[in-house]
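Undergrad: The listed protein sequences correspond, in order, to chains S and G. Be aware that the first sequence starts at 1, since it is given in the numbering used here, and climbs by one per residue. Be aware that the second sequence starts at 1001, since it is given in the numbering used here, and climbs by one per residue.
Everything labelled a hint here was simulated from the structure, so no lab data went into it. Among the hints, a few may not be true.
Pairs of lysine to any residue, SDA-like flavour, derived with a Cα cap of 25 Å [stated by the list, open to error]:
#1 S:K131 to S:L88
#2 S:K131 to G:L1232
#3 S:K131 to G:V1155
#4 S:K131 to G:A1236
#5 S:K131 to S:P91
#6 S:K131 to G:D1138
#7 S:K131 to G:W1157
#8 S:K131 to G:P1101
#9 S:K131 to G:E1022
#10 S:K131 to S:S86
#11 S:K131 to S:A165
#12 S:K131 to G:L1233
#13 S:K131 to G:A1006
#14 S:K131 to G:P1241
#15 S:K131 to S:P110
#16 S:K131 to S:A120
#17 S:K131 to S:A74
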Amino acid sequence: MAISRLPAPGFRIRLPEGFAFAGAPVLAPGEVWVPAGRVTALLGPSGSGKSTLVRLAAGLLEMPGAAVEATDGATLRGRIAWMAQSDLLVPWRDALGNVTLGAHLRGEAPDTARARTLLAEAGLAPEDGAKPVSALSGGMRQRVALARTLMEDRPVVLMDEPFSAVDAPTRHRLQELAARLLAGRTVLLVTHDPLEALRLADRILVLTGRPATPVEVAVPDGTPPRAARDPALLAAQAALLERLAEAV
Amino acid sequence: MRGVIAAAGLVLLWQGFVWLTEVPSFLLPSPLRVALALLDRGDIIAGHAVATAAEMLAGLALGALLGCAMALTLAAWRGGRRWLLPMLLVSQAIPVFAIAPLLTLWLGFGMASKVAMATLIIFFPVATAFYDGLRRTDPGLLDLARTMDARGGAVLWRMRVPSALPALASGLRVAAAVAPIGAVVGEWVGSSAGLGYLMLHANGRSQTDVMFAALFVLALMALALWFTVDRLLRRAIPWQPDSLLSPERSS
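One chain only, chain S, in its complex shape (with noise of 0.2 Å):
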């Protein structure tokens, strides 16, 4: 599949004043750098400020003082595709529709081949395109919302928990597809699962303390997706564990 509106920029999260909810001091001044090209994992316990990063870069979120500023100097305003960790596919479009949402709501004329071939890259059936989005699986709700994430075709990626409603093998074989369909773009991922992060990211962030400030750590060799079975990834995966339950 071509990708037409690469290259990825990088993008920057400056938050100069922090970032405080109810009172409490979530995140600490500083800034967040997600390199070009590259998959950027962020993990934290519940709570650290995660789902405000992604939300910030996604535009979502307006707070003052903080900024996100792309390397190219633009803005990524209509450059990002977003996907969260519910699959929010419409109950009044097909699976096809769905994949094709963007264009309908833009007003443009939608481009069904390409929305196809992408079903079909995701491991959906032809026949499954035009079903009712209720009666798909979980797992192929999902398949159906990262076919419509990559039909946005928007060089910078932001994941908000993206696989955290599907079952293990599920998940599992969604990363692959994920790793292999989202290369070459800028990724944001937010997980708060330790395993998602060393298989996907090829580089990981870790929100630590209160306020959180994000700490990296540092990912095992090999290009993503790395195969869940190599014993590097499952001593990184205990150790991030470990540091995970440190970060509370």
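Following the hints, complete the assembly by docking chain G onto the known chain S.
TA: Showing chain G alone in chain S's frame:
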């Protein structure tokens, strides 16, 4: 089937009560007398039923249309909410019985005043249910639309409206159930046709059996209207889950 058995049981009970107590028929006619009146005066009752049905349907169409327009205006126009919301509430705070004579005075004894009454009573459940639905769009879907650079109108028409259709359907079901009230109240206050008029007329002449016959036809019409609307809505919104109809899919 169970409904038919229950109705037959009630009719038998009624007939038995009349036989045992020998209550005069101008107070409570037996079901047999009512059935005979229905047969005897069938053509007259049918004529009046057509008038009432026309008022109900016109009121339902007009009330639903106005209710939808009001809900969409409230959802799309932030500044309008301050002005329109109180109006919406006032339209229901005044009992329809209280303004019925006024509407008859303004719109005459014909169909218009009855349609206006039915519209007034139908408008509110449709407007509030639809507006409620438009307000409760999943915030995640709105976020998604924003990251997809959706046009302003598309968020309303292609996200909020389809999300709100199940809520609108609930409003329309209530509307279908209350439609006869508006029409019949209008006919009571002043008219020359309709089942409400026929009932008032028969009551004045102690033709209680005709009154019951008219009431029976009105109840049948109300049931038919509700079930038709329910079926049409079900067909129009196939994605709306119905856990009562399909318990096996409730997981």
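Undergrad: Please go over all the hints and tell whether each is borne out by the structure.
TA: Quick rundown of the hints versus the structure:
| no. | hint | in the structure |
| --- | --- | --- |
| 1 | S:K131 to S:L88 | 16 Å, holds |
| 2 | S:K131 to G:L1232 | 22 Å, holds |
| 3 | S:K131 to G:V1155 | 24 Å, holds |
| 4 | S:K131 to G:A1236 | 17 Å, holds |
| 5 | S:K131 to S:P91 | 10 Å, holds |
| 6 | S:K131 to G:D1138 | 22 Å, holds |
| 7 | S:K131 to G:W1157 | 23 Å, holds |
| 8 | S:K131 to G:P1101 | 54 Å, violated |
| 9 | S:K131 to G:E1022 | 64 Å, violated |
| 10 | S:K131 to S:S86 | 19 Å, holds |
| 11 | S:K131 to S:A165 | 21 Å, holds |
| 12 | S:K131 to G:L1233 | 21 Å, holds |
| 13 | S:K131 to G:A1006 | 42 Å, violated |
| 14 | S:K131 to G:P1241 | 16 Å, holds |
| 15 | S:K131 to S:P110 | 18 Å, holds |
| 16 | S:K131 to S:A120 | 14 Å, holds |
| 17 | S:K131 to S:A74 | 40 Å, violated |
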